[in-house]
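There are 2 protein chains.
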Amino acid sequence: MEPLTLHILGCGSARPTHKHNPSSQVLDCRSKLFMIDCGEGTQVAFTRSRLSMNRLGHVFISHNHGDHVFGLPGLVCTMALMGRTADLHIHAPEEVRPLLELVERHYCEYLGYRLLFHPVDTTSHQLIHEDRSLEVWTLPLRHRVPCCGYLFREKPLLPHIRRDMIDAFQIPFSQINNIKNGSGWTTPDGTFLPHEKLTTPAHPSRSFAYCSDTLFTPSLAPLLKNVTLLYHEATYPHEMEPRARQHAHSTASQAARLAQAAQVARLCIGHYSASIDDENLLLQEAQAIFPHTILAQEGMHIQL
Amino acid sequence: MEPLTLHILGCGSARPTHKHNPSSQVLDCRSKLFMIDCGEGTQVAFTRSRLSMNRLGHVFISHNHGDHVFGLPGLVCTMALMGRTADLHIHAPEEVRPLLELVERHYCEYLGYRLLFHPVDTTSHQLIHEDRSLEVWTLPLRHRVPCCGYLFREKPLLPHIRRDMIDAFQIPFSQINNIKNGSGWTTPDGTFLPHEKLTTPAHPSRSFAYCSDTLFTPSLAPLLKNVTLLYHEATYPHEMEPRARQHAHSTASQAARLAQAAQVARLCIGHYSASIDDENLLLQEAQAIFPHTILAQEGMHIQL
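For the protein sequence lines, the chains are C and F, in the order given. So this note's numbering is basically just the index in the first sequence, starting at one, shifted up by 232. So this note's numbering is basically just the index in the second sequence, starting at one, shifted up by 232.
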């Protein structure tokens, strides 16, 4: 199975700290990189993760708050400076457009590539991008400004060829792709071998959901059903729930309750408030409800 | 003598590296902080230097390139988030205004302070700010866009009171300020003690000049005459002089020649190209011409 890896570049919140960068993540899927959010300092965290900007084609922005977008100007200009020629697609709420227009108008002396802005509807669950291997869907979130999460879903994978059957029946190499795609095989003596006899089932498709920033929204559970990894903000601990509500954020308990309701495989929490000294308390709080929880940290790579 | 300290927050150039932040410095003068340039990540470097945002009242921007301004949005918003109420003055070429307007319009939910923009004329040497202890002058530079340096000059300091004379003649404490400011003193028996007998000369005023980014401009020498510290960009080594000229930058040799011509006390070089592996070669090159040269490094505090 080809690796599908999530890189955490930043998991802090709006007030800067020395422990955390503001929000940014990169999903590495079969040689393509997908960035989600781009807080100040993202371009440096990106190269620190030894990822190549040439592999980055799409950036998905959740909402137009500084700690999720102030890294975009530097990223866009650095790519220009490095001589990029490939299109860069930015998927974001309409509110992000003026920032990109300003950057393109005033800061890119030599923009040798196309910066393509795709406004997203933050109020609905829609397919907004697909390629050969992946679909990307919006997840409507509730924050102080229009905001959406993103759901990345692998397209169904092909079944595995049974090497022993290929050898036993001397099936020619040229037929393997047909068999992977559903065909059977008739031997020279007329015996039909059905597809199921020649293959073992494909790995189940993997999926990743990003939900930040948001009020606790239990109605998301059906959209997140069985995802392989859910990243959900947990800005505050349970005891600060009134503050979370006031600022349209979630607590660690709420993130865990959503993970539990959606029966996800794993939960990763982040977007820690600068007021939190020990994030392990958030972890313990979440694990008491949903044991398969981990804490996001900068530089972390999570294999899905 | 009260300390006058320059903090280097970033001394890299446009292409990000793991060694350097983009340009930013803070001059700490009698409890006030003056920032010069504000590249991406400055707010974090600022707090890492244990400086307090409450003491920062003025930001001076040399020119509207991303590596000198992309930290402004984050800085402005964080100050709002922290509840700042004091005015913040931004002195910059007119080209910087749209970025600040965008930040104020789209990113500051609760801007509880006034963000005051003061356009500077980058073509002349003008006094643009003064307070009780300091004057700030522009220095016309030559770059690919309108660009100026800044000269910070302490106002003349008061002479030192001779404690031995005060004691010997029992001069009342209430007279000390008058004497510092130029008065003499007549003893009860009618003897006049002139000011010069009661004081030792003031420390000479200190000065700091910031010249980045710029083509080698020997005509600056008279404006920089005898400054205590000159920070001058040295983006490239001498062997890359054609490239320096092409991009309107300077070499280490050129920075040193200007320091020599202006007879400054010390030269600090920075704004290193990402292509430079060993900055000590730049240092050696500059010191061969002007021995009192140091290399800027992030986190460095220079006492003037």
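I should point out that these hints are in silico values taken from the structure, not numbers from a laboratory. Hints are not guaranteed to be accurate.
A pair counts as met if it fits within one copy or between any two copies, since identical chains are not told apart.
[Claimed, not checked] Keeping only pairs whose Cα atoms sit at most 25 Å apart, straight-line, the calculated SDA-like set for lysine to any residue is:
#1 Lys387 - Arg475
#2 Lys457 - Glu428
#3 Lys387 - Thr249
#4 Lys457 - Gln407
#5 Lys264 - His250
#6 Lys251 - Gly422
#7 Lys251 - Ile398
#8 Lys429 - Ala497
#9 Lys387 - His479
#10 Lys251 - Glu530
#11 Lys251 - Arg280
#12 Lys264 - Phe405
#13 Lys264 - Arg376
#14 Lys457 - Glu326
#15 Lys412 - Tyr342
#16 Lys457 - Asn286
#17 Lys429 - Asn413
#18 Lys412 - Leu513
#19 Lys387 - Tyr342
#20 Lys251 - Met314
#21 Lys251 - Arg316
#22 Lys457 - Thr431
#23 Lys429 - Leu347
#24 Lys251 - Asn410
#25 Lys429 - Gln529
#26 Lys387 - Ala400
#27 Lys412 - Glu428
Cross-check of the supplied hints:
1. In this homomeric assembly, Lys387 and Arg475 never come within 25 Å of each other (Cα to Cα): the closest approach is 39 Å inside a single copy and 49 Å across copies.
2. In this assembly of identical chains, the alpha carbons of Lys457 and Glu428 never lie at most 25 Å apart, being 28 Å within a copy and 86 Å across copies at closest.
3. Proximity of Lys387 to Thr249 under the C-alpha cut-off of 25 Å is found in neither arrangement, the shortest distances being 38 Å within a copy and 37 Å between copies.
4. Taking identical chains as interchangeable, the C-alpha atoms of Lys457 and Gln407 are never at most 25 Å apart, the minima being 36 Å within one chain and 82 Å between chains.
5. Taking the shortest Cα distances, Lys264 and His250 sit within 25 Å of each other only across copies (24 Å), while inside one copy they are farther apart (30 Å).
6. For a Cα distance limit of 25 Å, the shortest separation of Lys251 from Gly422 qualifies neither inside one copy, at 68 Å, nor across copies, at 68 Å.
7. In this assembly of identical chains, the alpha carbons of Lys251 and Ile398 never lie at most 25 Å apart, being 54 Å within a copy and 54 Å across copies at closest.
8. Within a single copy, Lys429 and Ala497 get their C-alpha atoms no closer than 30 Å, and across copies no closer than 85 Å, so neither meets the 25 Å cut-off.
9. Taking the closest pair of Cα atoms, Lys387 and His479 never come within 25 Å of each other, the shortest separation being 36 Å inside a single copy and 47 Å across copies.
10. Taking identical chains as interchangeable, the C-alpha atoms of Lys251 and Glu530 lie at most 25 Å apart whether they share a chain (9 Å) or sit on different chains (18 Å).
11. Both within a single protomer and between protomers do Lys251 and Arg280 lie at most 25 Å apart by alpha-carbon distance, with minima of 16 Å and 11 Å respectively.
12. Taking the shortest Cα distances, Lys264 and Phe405 never come within 25 Å of each other, neither inside one copy (28 Å) nor across copies (76 Å).
13. Taking the shortest alpha-carbon separations for Lys264 and Arg376, neither the intra-copy value of 32 Å nor the inter-copy value of 36 Å comes in at or below 25 Å.
14. With identical chains, the CA atoms of Lys457 and Glu326 are never at most 25 Å apart, being 28 Å at best within one copy and 52 Å at best between copies.
15. Taking identical chains as interchangeable, the C-alpha atoms of Lys412 and Tyr342 are never at most 25 Å apart, the minima being 46 Å within one chain and 58 Å between chains.
16. Taking identical chains as interchangeable, the C-alpha atoms of Lys457 and Asn286 are never at most 25 Å apart, the minima being 33 Å within one chain and 47 Å between chains.
17. Taking the shortest alpha-carbon separations for Lys429 and Asn413, only the intra-copy value of 14 Å comes in at or below 25 Å, while the best inter-copy value is 102 Å.
18. Taking CA atoms no more than 25 Å apart as the test, Lys412 paired with Leu513 passes in neither setting, with 48 Å inside one copy and 59 Å between copies.
19. When the C-alpha separation of Lys387 and Tyr342 is checked against a cutoff of 25 Å, the pair qualifies neither within a copy, at 37 Å, nor between copies, at 43 Å.
20. In this assembly of identical chains, Lys251 and Met314 lie within 25 Å of each other by CA distance solely across copies; the values are 18 Å between and 29 Å within a copy.
21. When the C-alpha separation of Lys251 and Arg316 is checked against a cutoff of 25 Å, the pair qualifies only between copies, where the shortest distance is 23 Å, while the shortest distance within a copy is 32 Å.
22. Taking CA atoms no more than 25 Å apart as the test, Lys457 paired with Thr431 passes in neither setting, with 28 Å inside one copy and 82 Å between copies.
23. Taking the shortest alpha-carbon separations for Lys429 and Leu347, neither the intra-copy value of 48 Å nor the inter-copy value of 72 Å comes in at or below 25 Å.
24. In this homomeric assembly, Lys251 and Asn410 never come within 25 Å of each other (Cα to Cα): the closest approach is 52 Å inside a single copy and 52 Å across copies.
25. Neither within a single protomer nor between protomers do Lys429 and Gln529 lie at most 25 Å apart by alpha-carbon distance, with minima of 45 Å and 66 Å respectively.
26. Taking CA atoms no more than 25 Å apart as the test, Lys387 paired with Ala400 passes in neither setting, with 31 Å inside one copy and 94 Å between copies.
27. Taking the shortest alpha-carbon separations for Lys412 and Glu428, only the intra-copy value of 10 Å comes in at or below 25 Å, while the best inter-copy value is 99 Å.
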